[in-house]
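First to last, the sequence lines map onto chains A and B.
Each residue of the first sequence is one higher than the last, beginning at 1 in the working numbering.
Each residue of the second sequence is one higher than the last, beginning at 1 in the working numbering.
For the record, the hints were derived by calculation from the structure and aren't laboratory data.
All values reported here derive from a predicted model rather than from experimental measurement.
Beta carbons are placed, not taken as given, at the ideal position from N, Cα and C, and that holds for glycine.
Watch out, some of these pointers could steer you wrong.
[Said to hold, decoys possible] EDC-like cross-link-like pairs, simulated, lysine to aspartate or glutamate; straight-line CA separation at most 20 Å:
(1) 56/A x 28/A
(2) 56/A x 34/A
(3) 357/B x 107/A
(4) 318/B x 28/A
[Unchecked claim] Taking beta-carbon pairs under 10 Å as the criterion, some of the chain A residues facing chain B (in silico):
(5) 9
(6) 16
(7) 19
(8) 83
(9) 91
(10) 104
(11) 105
(12) 142
(13) 145
(14) 216
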Amino acid sequence: MRILVVEDEPNLREQLKSRLNETGYVVDVADDGEEGLYFGREYEYDAAIIDLGLPKLDGMALIAQLRSEDRSFPVLVLTARGNWQDKVEGLEAGADDYLTKPFQPEELLARLNALLRRAGGYASPVLEQGALKLDTARKEVRVEENVVELTAYEYKVLEYLMLNPSRVVSKTELTDHLYEQDFDRDSNVIEVFVGRLRKKLDPVNPIRTVRGQGYRLALDVTA
Amino acid sequence: MKAGIQTRLLILTTVVLGTFLTLAGIVLDRSFKASVLTGAEEQLRIVVYSLMGAIEDDHNTLRLPGALPEPRLNQPESGLYAEVVARNGLRPWRSPSALTTGVEFDQASADLAPGEFLFTDSTAGEPRFLLSYAVIWGNAEDAVLTFTVATDQQPFLAEIQGFRRNLYVGLGTVTVFFILAQWLAVRFGLRPLRTMASEVRALEEGARESLSADYPKELEGLAENLDRFVAHEQRSRTRYRRAMEDLAHSLKTPLAVIRNALSEGAAAQQDLVFEQLDRMETTVTHQLSRAAVSGPVIVGRSVNVCELVQRLLRALDKAYAGRGISTENLLPPDLNVRLDERDLMEMLGNLLENAFKYTRSKIIVRAVSAEPLNIEIADDGPGIELQLRSQVLNRGTRADVLQPGQGIGLAMVQDLIAAYEGQLEIGDSELGGASIRLIFS
Numbered sequence: 001m002r003i004l005v006v007e008d009e010p011n012l013r014e015q016l017k018s019r020l021n022e023t024g025y026v027v028d029v030a031d032d033g034e035e036g037l038y039f040g041r042e043y044e045y046d047a048a049i050i051d052l053g054l055p056k057l058d059g060m061a062l063i064a065q066l067r068s069e070d071r072s073f074p075v076l077v078l079t080a081r082g083n084w085q086d087k088v089e090g091l092e093a094g095a096d097d098y099l100t101k102p103f104q105p106e107e108l109l110a111r112l113n114a115l116l117r118r119a120g121g122y123a124s125p126v127l128e129q130g131a132l133k134l135d136t137a138r139k140e141v142r143v144e145e146n147v148v149e150l151t152a153y154e155y156k157v158l159e160y161l162m163l164n165p166s167r168v169v170s171k172t173e174l175t176d177h178l179y180e181q182d183f184d185r186d187s188n189v190i191e192v193f194v195g196r197l198r199k200k201l202d203p204v205n206p207i208r209t210v211r212g213q214g215y216r217l218a219l220d221v222t223a
Numbered sequence: 001m002k003a004g005i006q007t008r009l010l011i012l013t014t015v016v017l018g019t020f021l022t023l024a025g026i027v028l029d030r031s032f033k034a035s036v037l038t039g040a041e042e043q044l045r046i047v048v049y050s051l052m053g054a055i056e057d058d059h060n061t062l063r064l065p066g067a068l069p070e071p072r073l074n075q076p077e078s079g080l081y082a083e084v085v086a087r088n089g090l091r092p093w094r095s096p097s098a099l100t101t102g103v104e105f106d107q108a109s110a111d112l113a114p115g116e117f118l119f120t121d122s123t124a125g126e127p128r129f130l131l132s133y134a135v136i137w138g139n140a141e142d143a144v145l146t147f148t149v150a151t152d153q154q155p156f157l158a159e160i161q162g163f164r165r166n167l168y169v170g171l172g173t174v175t176v177f178f179i180l181a182q183w184l185a186v187r188f189g190l191r192p193l194r195t196m197a198s199e200v201r202a203l204e205e206g207a208r209e210s211l212s213a214d215y216p217k218e219l220e221g222l223a224e225n226l227d228r229f230v231a232h233e234q235r236s237r238t239r240y241r242r243a244m245e246d247l248a249h250s251l252k253t254p255l256a257v258i259r260n261a262l263s264e265g266a267a268a269q270q271d272l273v274f275e276q277l278d279r280m281e282t283t284v285t286h287q288l289s290r291a292a293v294s295g296p297v298i299v300g301r302s303v304n305v306c307e308l309v310q311r312l313l314r315a316l317d318k319a320y321a322g323r324g325i326s327t328e329n330l331l332p333p334d335l336n337v338r339l340d341e342r343d344l345m346e347m348l349g350n351l352l353e354n355a356f357k358y359t360r361s362k363i364i365v366r367a368v369s370a371e372p373l374n375i376e377i378a379d380d381g382p383g384i385e386l387q388l389r390s391q392v393l394n395r396g397t398r399a400d401v402l403q404p405g406q407g408i409g410l411a412m413v414q415d416l417i418a419a420y421e422g423q424l425e426i427g428d429s430e431l432g433g434a435s436i437r438l439i440f441s
């Protein structure tokens, strides 16, 4: 999952980045609104965390601009002022949720998680596709109630596919969303992960290969 | 309330004009009456002189010719009568007109010195004017004749009455005309003040932002000062709020940094520091939001409550999407209230957010009454514990010492509504959860 963080306060920005990295997200940071807009235009993100009080281009305008350019990834707004006028205007500009500073890091992660789930069409933190269950809060995968041990990257691949259930995801897209920018794009590491995942998830096989295009999550996965 | 300027001016004018015209009426009335009386006396004097010219002296009787110079003296009850009395005891002479009428010729004229006139007013019986004149007749000292002529007052009084009537009708018309003219003048003169009053009202209601520039020079200064005052009030409110928000920003961001830094470390003191951080955060949040309350405003736009609630519901629906919460806004679409929009948004935002957090599936917003404005937010969640209710509603309790959860939001709303001298009521809703009522005085 690739997340864009736009925050002008350097300490908070770095804290957010490292906390999100620890949780397994790929993070791009921007320190003002214009840079945030540049990143939002140039890259595909799964979600963005945007502070409302930004230099150059304020958060509200940034969100409105991204939305007007059909950037539909979920946006979590951070506001220090905490008044309802700001929250409502932020949501009206196109944000999907708000968080008032100061906040608990756990709360931020939970909200972000919920936004990503909702964008994938899941109401509960446990994503279910037939016999396959992925608990986004505990980062745990079960097949027919048996816990499957996955590595961090295997989990990320499966989570990304499950959060984008109704479309074909290319290998490039997976690479972009799961790795930092310096990743070697020519390697076949994604194929390796997918191969290992299929073995570990047996007897269910939720990942279909769409020849020449990428992977797609098979709906109604049964054992 | 004191009488209006228009009423005052009209009362003053009416009193002054009334007094002046009454005095003028009295003076005119008296002068006319005096001139009528003088006229009557003059007429009688002429009759006396003509009688003196006509009298014939016989030693024993006073004789006057059959055809008197004044024909009315010959007609009975003509209204003009005469008597001639001799002091030496000769039989008095009376005009034919007086013979059949009991005219009381005044006996006071008996002492009249020769050569003197006496004009009197007799009220015995028919009111009459009398003029007596005494003359020494011939050479004898004692041959004094007294001529007395009487005339009915009626024609003179009728003349005076007629004049009076005309006088009063005339003066009355003039009075009415002047008062009317004065009223129009005052209305015209005070029109700018009325305009100003209605513009100030529009200013209060938020229908306009300043007074129009078109005032007469006496009011120009006042209008300018009012405009300046209103602009100043709005500016300082905005400035104050911005300062508060900046303060909040600059305090909260470092707090977030500390918190995040601490959550990374594994210090033994973590719990204690977190606890203190929590208190600091709550205090800052609470005190700043309290300080930022505008409170009742003298000059403010009216806010459509229904639209504002709709915006909040849309926003919260988005933030709480996926929880399957259904909301109903039953407020009348034209429900307007005159208070600071941001204050109202803070109150309703906090209450609605609580409702979204704690409800199971349904939230209803409705107006219990419009006057006073009473808005109810009902949900089907677990409701609010009795102990928390009394804690929140007790004015002594500070929000920042309450446990996190519903309490802080409610206490903030309680603080805000208190600034408007309104009330927060916490009860049970018909949906089975909490019912929060916001009542403005």
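We went through each hint and held it up to the structure:
Between the alpha carbons of residue 56/A and residue 28/A the distance comes to roughly 18 Å, so the proposed pair stays at or under 20 Å and holds. About 6 Å separates the Cα atoms of residue 56/A and residue 34/A, which keeps this hinted pair within 20 Å; it holds. A threshold of 20 Å between alpha carbons decides the hint, and for residue 357/B with residue 107/A the separation of about 14 Å falls inside it, so the pair holds. With a C-alpha separation of about 25 Å, the suggested pair residue 318/B and residue 28/A falls outside the 20 Å cut-off, and the hint is violated.
This hint holds: residue 9/A has a C-beta 5 Å from the nearest C-beta of chain B, less than the 10 Å allowed. For residue 16/A, the interface hint holds, the least distance from its beta-carbon to any beta-carbon of chain B being 8 Å, beneath 10 Å. Interface hint status for residue 19/A: upheld, as the beta-carbon distance to the closest one in chain B is roughly 7 Å, under 10 Å. The beta carbon of residue 83/A comes within 6 Å of a beta carbon in chain B, closer than 10 Å, and the hint placing it at the interface holds.
Interface restraint check for residue 91/A: the shortest CB-CB distance to chain B comes to about 4 Å, inside 10 Å, so the restraint holds. A cut of 10 Å between beta carbons decides the hint on residue 104/A: the least distance to chain B is about 7 Å, and the hint holds. For the restraint placing residue 105/A at the interface with chain B, the shortest Cβ-Cβ distance is roughly 6 Å, inside the 10 Å limit, so the hint holds. Nearest Cβ of chain B to the Cβ of residue 142/A: about 22 Å, over the 10 Å cut. The hint is violated.
For residue 145/A, the shortest C-beta to C-beta distance to chain B is roughly 24 Å, which exceeds 10 Å, and the interface hint is violated. Given hint, residue 216/A at the interface with chain B, is violated; its Cβ is 24 Å from that chain's nearest Cβ, farther than 10 Å.
Hints 4, 12, 13, 14 from the earlier list are contradicted by this structure; the remaining hints agree with it.
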